[in-house]
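Engineer: Letter by letter, the chains look like this.
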Amino acid sequence: MYEIWLMMNIVWEWSLAQWPAVLALLLLLAGWAAAGLVRLLGARGFRWSGAALAALAGGAVGLWLWPALVGSSVSEMRYLVDWMVGLGMAGATALVGVLLALPWLGRRSG
Amino acid sequence: MTWQTPPTTSAATAIAVTQAPPAALSRRQWLASAGATTLAAAALTSAPPAQARTVKTQARIVILGSGLGGIGVANRLSKQLAGATITVVDKKEEHNYQPGYTLVATGVWPVSKVRNRNADYLPHGCTWVREAAASIDPVAQTVTTDAGTRIAYDFLVVATGLQMDWEQIEGMDVAAIGSNGLASVYPSPLAAEATWKAMSAFAASGGQAIMTLPATPLKCAGAPLKMTFMLRDRLRQAGTLDRSTVRFQSALGNVFGVPTVNDNVLQRWNALGIETTFTQKLVALDIGARRAFFKNPEGDTTPMDYDFIHVVPPMSATAVVKQSPLAWQDGPMAAGGWLEVDPQTLQHRRFPNVFGIGDINGTPRGKTAATVKKSAPMVVQNLMDVIEGRTPTASFDGYTSCPLLIREGSAMLIEFDYQGRLVPSLPLIEPLQDSYFAWLMKVQLLKPAYVAVLKGHA
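Protein chains in written order, with the working numbering: chain A, 24 to 133; chain B, -13 to 444.
Pulled out of the complex, with its shape left as it was, chain A reads as follows:
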């Protein structure tokens, strides 16, 4: 319980320390997602294969990007916990990838 509480505090304080970037990114993503959803409303279906491709690309970038941003690398992932954290962050980046691809994921023709 305490560790969850501490992790919430860490996320909060980390966000406060970088708030201009975090706020700008969240607003940008929210705006982009809203525009993408509006575009999807007029579509005749959802391109799951495109979404999977975007997720894969986002995940691959995330797996490489997050360690690199802190001066580390995938080669420093030496055991289970490293891979759980690395893949978790890559998963979050995969979601962002899908979000960014949203406007192009609508199926226009049958």
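Take these hints with a grain of salt, some might be off.
To be verified - Heads up, incomplete: computed chain A residues facing chain B, CB under 7 Å, no partners named:
no.	residue
1	Asn32
2	Pro90
3	Gly94
4	Met100
5	Tyr102
6	Val104
7	Asp105
Claimed, not checked - Interface residues of chain B toward chain A, partial, derived using beta-carbon atoms under 10 Å:
no.	residue
8	Asp159
9	Leu412
10	Gln419
11	Leu431
12	Val437
Claimed, not checked - Output of the computed footprint for chain A on chain B, the stretches with three or more beta carbons under 8 Å from beta carbons of chain A:
no.	stretch
13	387 to 396
14	422 to 428
Please keep in mind that the hints were generated in silico from the structure rather than gathered at the bench. We put the CB at the ideal spot given by N, CA and C, even for glycine.
Fit chain B to the supplied structure of chain A, relying on the hints for placement.
Structural biologist: For chain B alone, kept in the frame of chain A given last:
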């Protein structure tokens, strides 16, 4: 215990004693109040369930020191005590994130990341006496400052930190750190920055490096090891490792107090070609000639030339504690003048209205921010127990943590208790495994955790 101690003060008090300022709206406060009233914010601005207890009291509580322990306890007390007078005594205006010094000194962080203002973290309604505590009279229950201000207390929290005894190294000049290959991560943020300057210059050319370790208790006892690992890595990155030697000169019979960690580090150093010599105490330096002098237990002194030296000073209790009746009177902690607290309750063993937190405590281990993180809630709980006339109920196990930097990008997340047992606080963590996650914790996550503790949230 008297509750009527006269609050005698000097004329200086009127000028120096001020309420903690409602500092101009900072970015953080603006965000918290204007744009970020999210669920997380709502959760974080309220106390967690474990901290819900509140006590009404008129007690005067004086906290000596404005480091993590002092401010962390002040913030918790201000939330949990209704009606108490809380006074923090410290001259220091700047708040330093000391766990980040090794990152600054090894070129990972800019120095700005470890420099903040105490005024941004002290609780509203708390009185901040911007003077240094000069003496403590635990019988009269007063603290006197260097400006002559006399402050009466009902309860005292000692969080003064420790002092570095540079004068025990003949010829040492802290102002010279950064030049002539002289380095030390310990004294200040600027010294850490200067240390990186010396380290990067040395890494570019290579040569003989000496890393030292004194025989006294240390704050962040892992720092000398981190500096050694990172120096070796910087030499590797610069391509000068093959024409360099790194030698670790320990004044003790080991390099770290926890045997399993000590053995692991020595094995790693052996594999990395870092030489280790034991029972060699640094006693003098000739900075201009780049020569260090080490004394062994037999009293023989050996000179050693170097191109780079990392100096770790002997450390002891701050003078105000050392010279007070609060210091250990006998036993292994007496020589350093450390605060005589019970290791479990952190309550003073002879003056029950006095508690200690952080580096000043004369306990078997634990002079790190992680120790404060774990012990601050317990000190507050035990202090509240005593205020209510009860026996302290919270028991501290001596938890401390040391994210040991192994090389750029990798660290070990070592956590242990008074007995030196490894006690990982997260499941699946392998303390002796070099790891990206431990590096990520050190570089990105521990400062936010520190700030949360400082604010009394975690």
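Engineer: For each hint, tell me whether it holds in the structure or not.
Structural biologist: How the hints compare with the structure:
1. Asn32: Where the cut-off is 7 Å and the nearest Cβ of chain B is about 4 Å from Asn32(A), the hint holds.
2. Pro90: holds, 6 Å
3. Gly94: Check passed: Cβ of Gly94(A) comes within 5 Å of chain B, closer than 7 Å.
4. Met100: At about 5 Å, which falls below the 7 Å cut-off, the nearest Cβ of chain B leaves the hint on Met100(A) intact, so it holds.
5. Tyr102: holds, 5 Å
6. Val104: holds, 5 Å
7. Asp105: holds, 5 Å
8. Asp159: violated, 32 Å
9. Leu412: Holds, about 7 Å.
10. Gln419: Hint on Gln419(B): holds, closest Cβ of chain A at ~5 Å, below 10 Å.
11. Leu431: Leu431(B) check passes; min Cβ-Cβ to chain A is 5 Å, inside 10 Å.
12. Val437: Cβ of Val437(B) sits 5 Å from chain A, so the hint holds.
13. 387 to 396: holds (count 3)
14. 422 to 428: Answer holds; 4 residues pass the 8 Å Cβ test.
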